[in-house]
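Peer 1: Listed below are the residues making up each chain.
Protein chains: 6
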Amino acid sequence: MSRSDHPSGLSHLDAQGNARMVDVSQKAVTNRIAVAAGEVHMQAETLALIAAGGHKKGDVLAVARVAGIMAAKKCPDLIPLCHPLLLNAVNVDFELDTDNCRVLVRASCGLDARTGVEMEALTAVSVAALTIYDMCKAVDKGMVVNNIRLISKSGGRSGDYLRQQD
Amino acid sequence: MSRSDHPSGLSHLDAQGNARMVDVSQKAVTNRIAVAAGEVHMQAETLALIAAGGHKKGDVLAVARVAGIMAAKKCPDLIPLCHPLLLNAVNVDFELDTDNCRVLVRASCGLDARTGVEMEALTAVSVAALTIYDMCKAVDKGMVVNNIRLISKSGGRSGDYLRQQD
Amino acid sequence: MSRSDHPSGLSHLDAQGNARMVDVSQKAVTNRIAVAAGEVHMQAETLALIAAGGHKKGDVLAVARVAGIMAAKKCPDLIPLCHPLLLNAVNVDFELDTDNCRVLVRASCGLDARTGVEMEALTAVSVAALTIYDMCKAVDKGMVVNNIRLISKSGGRSGDYLRQQD
Amino acid sequence: MSRSDHPSGLSHLDAQGNARMVDVSQKAVTNRIAVAAGEVHMQAETLALIAAGGHKKGDVLAVARVAGIMAAKKCPDLIPLCHPLLLNAVNVDFELDTDNCRVLVRASCGLDARTGVEMEALTAVSVAALTIYDMCKAVDKGMVVNNIRLISKSGGRSGDYLRQQD
Amino acid sequence: MSRSDHPSGLSHLDAQGNARMVDVSQKAVTNRIAVAAGEVHMQAETLALIAAGGHKKGDVLAVARVAGIMAAKKCPDLIPLCHPLLLNAVNVDFELDTDNCRVLVRASCGLDARTGVEMEALTAVSVAALTIYDMCKAVDKGMVVNNIRLISKSGGRSGDYLRQQD
Amino acid sequence: MSRSDHPSGLSHLDAQGNARMVDVSQKAVTNRIAVAAGEVHMQAETLALIAAGGHKKGDVLAVARVAGIMAAKKCPDLIPLCHPLLLNAVNVDFELDTDNCRVLVRASCGLDARTGVEMEALTAVSVAALTIYDMCKAVDKGMVVNNIRLISKSGGRSGDYLRQQD
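Sequence lines, in order, name chains E, V, R, A, S and X. The first sequence maps to residues 1 to 166 in the numbering used here. The second sequence maps to residues 1 to 166 in the numbering used here. The third sequence maps to residues 1 to 166 in the numbering used here. The fourth sequence maps to residues 1 to 166 in the numbering used here. The fifth sequence maps to residues 1 to 166 in the numbering used here. The sixth sequence maps to residues 1 to 166 in the numbering used here.
Please note: incorrect hints may appear among the correct ones.
[Stated by the list, open to error] With a straight-line cut-off of 30 Å between C-alpha atoms, the simulated DSSO-like cross-links for lysine-lysine are:
(1) V:74 - V:141
(2) E:141 - S:74
(3) E:141 - E:74
(4) R:74 - R:27
(5) R:74 - E:74
(6) S:74 - A:74
(7) E:27 - X:27
(8) E:74 - S:141
(9) E:74 - V:141
(10) V:74 - V:27
(11) X:74 - E:74
(12) A:141 - V:74
(13) S:74 - R:27
(14) V:74 - A:74
(15) E:27 - A:27
(16) E:74 - V:74
(17) X:74 - E:27
(18) A:27 - R:141
(19) V:27 - E:141
(20) R:74 - X:74
(21) A:74 - R:141
(22) X:27 - A:27
(23) X:141 - S:74
(24) V:27 - S:74
(25) S:27 - V:27
(26) S:74 - S:27
Please keep in mind that the hints were generated in silico from the structure rather than gathered at the bench.
All chains, full assembly: derive it from the sequences and hints.
Peer 2: Below, the structure written as structure tokens:
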């Protein structure tokens with residue numbers, strides 16, 4: 001069976017439905033890149049505070065960027081069945097979307113490995129978003145982290161993936 | 001100044017806009033509880049696979065629950081300016097919302113401390129949701145983690161918070 | 001219900017059998033001490049190598065002692081439902097039992113907390129024992145870690161415990 | 001000298017008996033697999049509680065399985081002189097041996113590396129066993145973790161190993 | 001004996017010279033603050049690059065500040081016999097000393113605990129300094145981290161400490 | 001641009017000065033070795049205590065050596081933009097320089113990777129030095145960690161480096 005012994009097709013479960021770290025020893029080492037994205041919705045005033053910091057003195061986004069990069073490295077420590085991986089590169093970027101009162105978060109991760117790097121990119125986005133929440137929650141507890149999703153992946157047997165309508 | 005020396009009101013920045021771990025030494029130790037929630041949107045077939053596992057043999061949600069609980073403990077290691085905290089309790093629960101093709105994730109965390117436990121609850125929800133993504137991504141790469149938000153908090157000087165319209 | 005909502009009496013499961021970090025907020029902070037022990041069985045020659053190192057130049061036991069102490073601190077990171085705790089003290093000691101070809105490992109941990117410190121002591125013993133295995137496995141792959149058990153605990157509502165016949 | 005500069009043959013000590021992480025740069029990358037096992041002895045009633053959970057609602061073993069898998073990934077963080085390794089696969093399995101009032105724990109780990117994966121498998125077994133202890137200690141403090149041992153290893157210069165009489 | 005059973009006065013060694021985590025259970029919980037400092041010496045051109053980033057767009061110091069704050073939280077994971085502690089506050093600050101071609105690093109940590117917070121402050125300084133090295137090493141491998149020292153401590157039985165001639 | 005898109009030449013910053021983990025996917029895997037060194041200055045009496053322990057019963061240096069080796073493995077968890085790496089070998093050595101009242105610390109690290117291992121060696125030296133401070137601070141709070149520097153590196157495109165006048 002190609003990705004799983006489990007009738008469900010969920011590769012992290014064995015034939016009895018028990019969790020396992022999937023055996024990737026027969027998969028080839030290839031270069032793999034994944035891009036993920038998400039958003040933090042907030043009040044206009046909160047976004048303005050972040051924006052002000054962006055060019056003068058604050059560093060909400062600088063701290064969130066570091067948090068996201070470090071979180072990508074901690075992914076196998078957080079997601080129980082993830083394989084430990086040696087990342088070649090991590091980028092975390094932000095865009096302030098004042099029209100929609102939100103910060104857009106985007107992360108890309110790359111490596112050469114037997115398995116993909118989607119979870120690292122998604123973890124980087126999630127932790128960067130949570131860090132923005134943490135740093136601004138004194139003024140805006142109602143912020144929402146939204147739309148965390150895989151944008152694209154390349155490399156590996158299952159082929160490339162590019163999210164539609166995004 | 002009560003919560004911050006920074007004119008912006010962002011308590012994690014000092015008067016020059018530099019990041020710091022906010023001094024909480026003058027705050028009282030009180031019992032604090034926070035509840036956070038989020039959702040994982042997926043295809044109906046993916047949700048059906050999780051549901052099937054739920055009563056027979058799979059353990060997607062059991063693994064995600066453990067991941068969420070452990071992540072709450074790792075919060076200060078992930079969110080740069082979070083204080084280390086001694087959690088009294090962590091619960092992570094799931095509800096399968098088949099009408100809307102999503103798994104609802106909810107976490108509550110409690111402790112006695114000088115500062116709140118919102119980030120721990122939000123981190124538990126985020127990592128539990130990412131774990132569901134990880135375990136199902138072989139069959140559904142388009143899943144989206146959505147609407148991660150604080151539902152309520154109690155304890156501490158800033159008073160209780162209860163999210164509206166949720 | 002005093003320790004659990006679960007009919008089974010297993011306090012780490014809620015009424016539905018789901019895992020949780022048990023709520024200890026209603027328990028008193030008391031001084032608690034736990035002692036655990038275990039053994040590493042090996043060939044007589046392996047034990048002799050460790051013994052030789054003990055007074056001249058080797059440091060198998062010095063490394064294993066450090067590993068055990070550090071592992072006690074990592075206990076909540078390893079045992080999913082353990083509460084994070086602030087240890088007051090950790091001791092790890094070894095005795096060479098040449099008659100029975102084994103190293104006896106003993107650890108004691110103390111703290112002031114709402115919950116006990118048994119798992120920290122058991123984790124310290126286990127990791128110290130595994131470290132001995134690691135450092136000697138080049139000459140003796142057949143070593144066995146045995147009899148890891150709680151010797152005693154004091155403090156807390158459930159009262160003191162002293163293992164019989166040990 | 002092939003595995004050690006130390007007269008004792010203990011490869012983790014240099015010629016002066018000081019600890020070091022052994023240099024494996026001259027060893028070939030080969031596929032390596034290790035299997036380890038252990039047991040948790042308990043009262044018949046405790047085993048019955050775990051067994052009941054196994055098919056209805058409890059998840060003692062599901063939590064212990066996740067703990068064991070995650071612990072394999074943390075092995076180099078626990079065992080001081082272990083090399084960091086990229087695991088290809090981890091399985092942790094349990095068998096309820098009601099005749100002897102014990103849970104049998106077995107873990108297998110695989111990777112392609114310059115050094116073996118025995119410690120990862122032994123660590124997975126140990127932490128899975130400790131997690132069972134943790135989850136059941138409210139009803140049975142006398143449980144004993146026993147007989148943690150290497151069952152087999154393959155790959156690498158030192159050849160295959162298969163434990164006798166097991 | 002007040003701080004140690006060891007004739008040497010080294011409190012981390014027991015009467016046999018073995019390492020242990022010193023028992024602090026009899027010490028009072030008091031507010032404690034420690035300040036540490038250090039320096040990174042570099043070429044004038046390297047310092048100019050950091051300085052340029054300081055007001056326009058670079059963030060060498062922002063990244064180093066986050067690294068230092070997070071490292072303070074990891075101190076018990078790094079320094080084997082350190083007690084786990086709950087930090088109330090961490091500040092890491094930098095000063096560019098162009099006359100002497102160096103960046104001055106200073107960290108202060110505070111908490112309420114049974115033992116002091118000197119190691120957390122020293123760890124924050126060391127890791128912040130190493131991060132500066134890491135980010136600039138592409139242009140200046142000869143940088144030196146110097147003069148890492150305790151500036152002051154307050155709280156605790158051993159009394160206050162203020163470094164002379166600094 | 002060969003090492004950086006950033007006009008400054010600081011490879012950890014992108015063209016906008018934002019932090020990133022530099023993409024090393026186009027660099028060759030080569031064997032790389034780095035040696036770093038540093039010193040801990042102390043009172044003559046403190047050095048005498050360490051020296052006494054060195055041949056009889058104390059283990060200040062044994063504990064510091066383990067701390068340094070383990071810290072090398074934690075480098076990517078401490079230094080935000082460091083790549084995760086698989087170390088082949090780590091050595092940490094000490095020399096007691098009684099003439100100058102200091103302990104010399106030296107670490108070498110080796111691996112096969114796309115990027116260098118300087119930070120691992122510097123981190124090992126720093127944490128070993130801090131551990132000596134920690135274990136002796138009860139008798140000598142004025143100790144200073146000094147002169148942490150790269151001694152040599154080999155392997156990789158940027159060529160070998162050997163520190164002058166050292």
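Peer 1: Check the hint pairing residue 74 (chain S) with residue 27 (chain R) against an upper bound of 30 Å on the C-alpha distance.
Peer 2: Between residue 74 (chain S) and residue 27 (chain R) the Cα gap is close to 28 Å, so the pair holds against 30 Å.
Peer 1: Are the Cα positions of residue 74 (chain R) and residue 74 (chain E) separated by 30 Å at most?
Peer 2: holds, 16 Å
Peer 1: Below or equal to 30 Å on CA atoms is what counts here, so check residue 27 (chain S) against residue 27 (chain V).
Peer 2: holds, 23 Å
Peer 1: Against the 30 Å threshold, does the CA-CA distance of residue 27 (chain X) and residue 27 (chain A) hold or violate the hint?
Peer 2: Roughly 23 Å separates the two Cα atoms, so the pair holds.
Peer 1: Could you grab the alpha-carbon distance between residue 74 (chain E) and residue 74 (chain V) and see if it respects the 30 Å cut-off?
Peer 2: Given pair residue 74 (chain E), residue 74 (chain V) holds - Cα atoms ~10 Å apart, limit 30 Å.
Peer 1: Just to be careful, I want the Cα atoms of residue 74 (chain V) and residue 74 (chain A) compared with a cutoff of 30 Å; is the pair within it?
Peer 2: holds, 14 Å
Peer 1: Below or equal to 30 Å on CA atoms is what counts here, so check residue 74 (chain X) against residue 74 (chain E).
Peer 2: Holds. Residue 74 (chain X) to residue 74 (chain E) sits at ~11 Å (cutoff 30 Å).
Peer 1: Are residue 27 (chain E) and residue 27 (chain A) close enough, with their CA atoms no more than 30 Å apart?
Peer 2: holds, 23 Å
Peer 1: Are the Cα atoms of residue 74 (chain S) and residue 27 (chain S) separated by 30 Å or less?
Peer 2: holds, 23 Å
Peer 1: Between residue 141 (chain E) and residue 74 (chain S), is the straight-line Cα distance small enough, at 30 Å or below?
Peer 2: Within the cut-off at roughly 28 Å; holds.
Peer 1: Is it true that the CA of residue 141 (chain A) sits at most 30 Å from the CA of residue 74 (chain V)?
Peer 2: holds, 28 Å
Peer 1: Given the hinted pair residue 27 (chain A) and residue 141 (chain R), is their Cα-Cα distance within 30 Å?
Peer 2: Roughly 19 Å between the alpha carbons, so the hint for residue 27 (chain A) and residue 141 (chain R) holds.
This entry satisfies every hint, going by the numbered hints stated previously.
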